[in-house]
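Asker: Here are the chains, one letter per residue:
Protein chains: 2
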Amino acid sequence: MLADHNRHQLRIRRVPLDTGRENVVVISRRSKALRAEIFRGFSRVELSLNGKVLLATLLITDDDTLAAADEIGLSEPAFRRFGEAADTAVTVTPASAPESLEAVRAKIHGRTLTAAEIGAIIQDLAHYRYSDMEIAAFLIGSASFVTSDELLALTRAMAEVGTRLTWPDPVVVDKHCIGGIPGNRTSMVVVPIVAAHGLPIPKTSSRAITSPAGTADTMEVLARVNVGADEMKAIVSSCNGCVIWGGHVNLSPADDVLISVERPLSLDTREQMVASIMSKKIAAGSTHLLIDIPVGPTAKVTGALEAMRLRKLFEFVGDRFGRAVEVITTDGSQPIGNGIGPVLEANDVMAVLGNEPDAPRDLREKSLRLAAHLLEYDPKLRGGAGYQRARELLDSGAALKQMQRIIDAQGPSTCNTELGSRSFDVKAAQDGVVSAIDCLRLNRLARTAGAPLDKGAGIRLFKKIGDRVEQGEPLYRVYSFDQPEHDLAASAAAADSGYAIGGKSAGE
Amino acid sequence: MLADHNRHQLRIRRVPLDTGRENVVVISRRSKALRAEIFRGFSRVELSLNGKVLLATLLITDDDTLAAADEIGLSEPAFRRFGEAADTAVTVTPASAPESLEAVRAKIHGRTLTAAEIGAIIQDLAHYRYSDMEIAAFLIGSASFVTSDELLALTRAMAEVGTRLTWPDPVVVDKHCIGGIPGNRTSMVVVPIVAAHGLPIPKTSSRAITSPAGTADTMEVLARVNVGADEMKAIVSSCNGCVIWGGHVNLSPADDVLISVERPLSLDTREQMVASIMSKKIAAGSTHLLIDIPVGPTAKVTGALEAMRLRKLFEFVGDRFGRAVEVITTDGSQPIGNGIGPVLEANDVMAVLGNEPDAPRDLREKSLRLAAHLLEYDPKLRGGAGYQRARELLDSGAALKQMQRIIDAQGPSTCNTELGSRSFDVKAAQDGVVSAIDCLRLNRLARTAGAPLDKGAGIRLFKKIGDRVEQGEPLYRVYSFDQPEHDLAASAAAADSGYAIGGKSAGE
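For the record, the sequence lines run as chains A and B.
Okay, so the first sequence: first residue is 84 according to our numbering, each after it adds one.
Okay, so the second sequence: first residue is 84 according to our numbering, each after it adds one.
Read the hints as simulated data drawn from the structure, not as lab findings.
Careful: at least some of the hints might be erroneous.
Identical copies look the same in the list; a pair holds intra-copy or inter-copy alike.
[To be verified] Here are the simulated EDC-like pairs of lysine to aspartate or glutamate, each with C-alpha atoms no more than 20 Å apart in a straight line: (1) K547 to D441; (2) K115 to D570; (3) K395 to E448; (4) K115 to D565; (5) K135 to D147; (6) K115 to D101.
A quick note: this is a predicted structure, and the numbers were derived from the prediction, not measured.
Required output: the full structure, derived from the provided sequences and hints.
Answerer: Structure (structure tokens):
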């Protein structure tokens with residue numbers, strides 16, 4: 084038995100390949116453990132050592148500098164996750180597909196899954212046991228129909244697999260936007276308003292995956308966002324609020340895995356979205372939740388019917404888990420605020436909080452409206468007084484002061500927060516009135532310019548829908564740091580500016 | 084413009100990584116073309132040179148020996164497909180997802196696709212423009228429903244994207260089994276019988292992807308199977324038949340891509356299977372086609388209802404494309420013949436053709452039955468005379484002689500055709516009667532032992548369903564070459580032999 088064991092052992096070698104989220108390992112075509120081509124038939128391998136197990140996708144090499152015959156090369160994510168030193172001997176065997184994949188196949192063929200089956204899938208997802216293809220299989224297999232029971236089981240399983248937070252307060256509020264609208268950084272205005280009022284609002288946000296900025300990326304311009312659960316509790320206890328990165332708290336690791344496949348495929352299925360958002364909010368311990376669904380021609384939700392179906396799903400799951408959930412639809416026809424990209428968005432947020440005269444009015448108004456809804460959850464506040472209270476807190480500077488407290492509690496930002504040193508203007512091709520702005524196009528353009536990795540890359544909008552423009556007048560300015568990004572963005576903008584300009588103004 | 088162009092140029096470096104079918108490239112985290120992390124947001128890159136374009140999935144490295152800042156590392160398949168020498172400068176830009184992916188997303192969300200949309204998807208698949216995740220998205224998105232029009236469009240698009248063969252004869256027959264049954268090498272008996280009769284039967288077969296042998300793998304024990312289209316025509320014109328590898332003829336390249344993702348996911352959807360098989364047969368120019376659907380508890384089709392639905396689909400597509408299609412269901416409860424794995428299966432085939440006394444009766448009878456159906460397509464043969472004619476040709480040695488002609492025409496095998504040097508027996512745990520044999524389990528076991536890569540690895544069955552066994556009596560023998568395969572197979576067989584033994588024989 085021991086001899087048998089040794090025969091499949093290979094020594095770990097660290098391979099300097101960043102394979103994203105997927106575990107990838109490399110073995111030699113002349114591997115001592117088992118012939119590479121035979122492994123390939125199984126397509127995945129299992130590394131084990133003292134009960135620790137890692138599943139990985141296999142690449143084969145003829146080059147000893149990547150993996151010699153007695154070695155197994157671990158790409159960076161696999162090396163990090165397995166957590167063993169180079170040269171450690173590990174047992175390598177062909178991996179069976181995770182058992183829960185049988186349920187995924189059943190789902191693809193139209194069967195309803197039990198809570199136990201869904202739980203097993205989520206466990207395997209959270210522990211990186213699925214390949215990218217297998218993750219896609221689960222997502223798409225569940226895209227055509229998900230029963231109410233499946234949705235509840237999925238939400239519960241996803242909420243239970245990671246960190247769970249609890250709070251001493253009877254009312255813990257939170258807000259969430261389903262995303263897709265550039266510049267829409269309302270959380271960073273809403274949190275200080277609500278926190279200044281005295282309601283706890285422990286906000287965890289995401290980083291961008293395919294968009295030019297997530298709220299966590301933008302907040303990072305102002306403060307540290309890689310904050311753990313214990314520290315988060317201390318911050319909320321002293322400031323009533325925070326705006327931190329959810330990934331660091333590990334609230335719903337299975338969801339993080341699912342999203343990393345959903346985004347590149349541009350998949351947005353209703354039930355998956357509801358389970359994703361609600362699982363994180365349940366794990367985060369919020370009791371009262373406001374969901375923002377922007378509706379517009381290039382938003383994630385393009386019509387009222389789709390918005391209503393989504394609202395009902397959020398309400399249903401909220402009710403079953405005993406959380407107060409309110410869903411509002413908002414204008415998603417164009418970006419909110421003037422900036423797209425972390426630094427530019429952070430500027431917008433601070434201008435609104437600072438009541439600066441040129442602060443973007445749409446960001447201010449939308450944030451006040453959202454804050455008003457959340458403040459109404461305070462039993463001590465008179466019904467209908469939410470909006471006025473929110474405006475008081477913003478206009479008086481109380482919200483700005485609260486934001487400073489939160490920033491101080493989270494700690495200083497360590498990013499380069501300068502605006503991109505290179506820029507170009509995109510100009511109106513004709514006289515007229517801006518009739519439409521393509522959110523997807525601007526998101527992609529800001530991303531091409533370097534956001535969110537370059538905090539100071541992005542887009543500053545000069546014109547919004549309804550604005551009159553003259554031919555040659557700048558519509559927006561694109562910022563980047565390096566020439567390649569600048570060039571790519573310039574040719575992308577030249578191909579399609581994302582702006583439609585019509586013949587007449589709204590007022591005519 | 085030229086300056087802009089040069090900025091995104093990197094020099095090709097060949098990276099000794101075998102990434103299977105997927106195009107994978109490696110760039111440095113300090114790449115001169117564009118920052119790696121920014122590329123990652125797009126997840127796929129496009130290489131272009133003089134109008135030639137390659138889409139590839141991106142890995143990032145910190146190691147200059149894989150890709151320096153001014154280089155792009157091409158893994159083996161990408162290097163081969165792009166076909167440019169190392170050090171050639173290529174333009175590298177973030178890749179947009181193939182446009183046809185929009186149709187895949189529409190399909191996932193329940194929309195019916197047009198023929199043009201399906202055609203675009205198939206073109207992109209055949210040209211390796213889809214990532215594995217995107218291929219999975221298409222397969223699973225089409226798993227829940229496919230309309231008749233979609234099925235026809237899919238079949239047509241798949242048939243048209245590769246090589247198309249034409250034959251001078253009015254009747255060109257072919258047979259195809261949907262697969263899943265170990266040892267089921269009827270084609271290698273049927274082709275020489277039918278060819279000896281004088282009907283053209285240009286048979287292209289597949290290689291194993293996850294099974295221990297495809298017909299092409301087994302035929303390769305006896306003759307060369309990597310035969311191109313022109314050579315194939317010459318062979319069929321002189322011998323009436325052939326048994327070659329379809330992949331070399333490139334009959335349905337899109338299907339080859341789809342299958343490479345279907346198999347690891349163990350996806351078998353009805354419409355996909357019909358489009359896959361029918362597109363290859365249409366491209367191969369056959370006019371009369373016999374489809375074999377084995378039915379059994381561990382076969383691909385487990386019940387009569389499912390078999391009937393599949394039959395109707397084959398008939399429907401055949402009718403619309405003007406091909407005579409006949410579908411028969413056969414016993415899929417256990418392996419056919421005694422051998423599993425290329426050499427052992429080839430032995431069975433030659434024993435049947437040689438009328439040897441210990442030739443497996445089930446392989447002989449099934450082959451005769453299939454050949455009988457095909458011979459009935461000969462207008463000159465009296466109706467109902469097919470079986471008798473098939474038996475004459477087999478018993479007289481005419482089929483064996485025809486097989487020798489075909490082998491001579493295809494050319495000699497270059498494989499090691501010895502049986503595995505290591506073996507162990509799996510024995511009955513109790514007295515009784517074999518009541519069931521798990522085809523999936525035996526397939527996996529033969530694969531673990533080294534088949535099809537080791538032609539001589541595999542399983543020789545001593546007992547079939549209904550056979551009486553005594554405790555300790557060998558059920559089957561497992562052959563392999565190297566100790567690691569031997570050990571793995573032995574522990575897999577010890578965990579589950581795949582045999583069920585009941586208390587009473589069928590005769591009692």
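Asker: Please go over all the hints and tell whether each is borne out by the structure.
Answerer: These are the hints, each one checked on the structure:
{"no.": "1", "hint": "K547 to D441", "verdict": "within (14 Å within a copy, 85 Å between copies)"}
{"no.": "2", "hint": "K115 to D570", "verdict": "between (49 Å within a copy, 13 Å between copies)"}
{"no.": "3", "hint": "K395 to E448", "verdict": "neither (26 Å within a copy, 61 Å between copies)"}
{"no.": "4", "hint": "K115 to D565", "verdict": "between (47 Å within a copy, 10 Å between copies)"}
{"no.": "5", "hint": "K135 to D147", "verdict": "neither (26 Å within a copy, 32 Å between copies)"}
{"no.": "6", "hint": "K115 to D101", "verdict": "between (25 Å within a copy, 18 Å between copies)"}
When held up to the earlier numbered hints, the structure conflicts with 3, 5 and fits the remainder.
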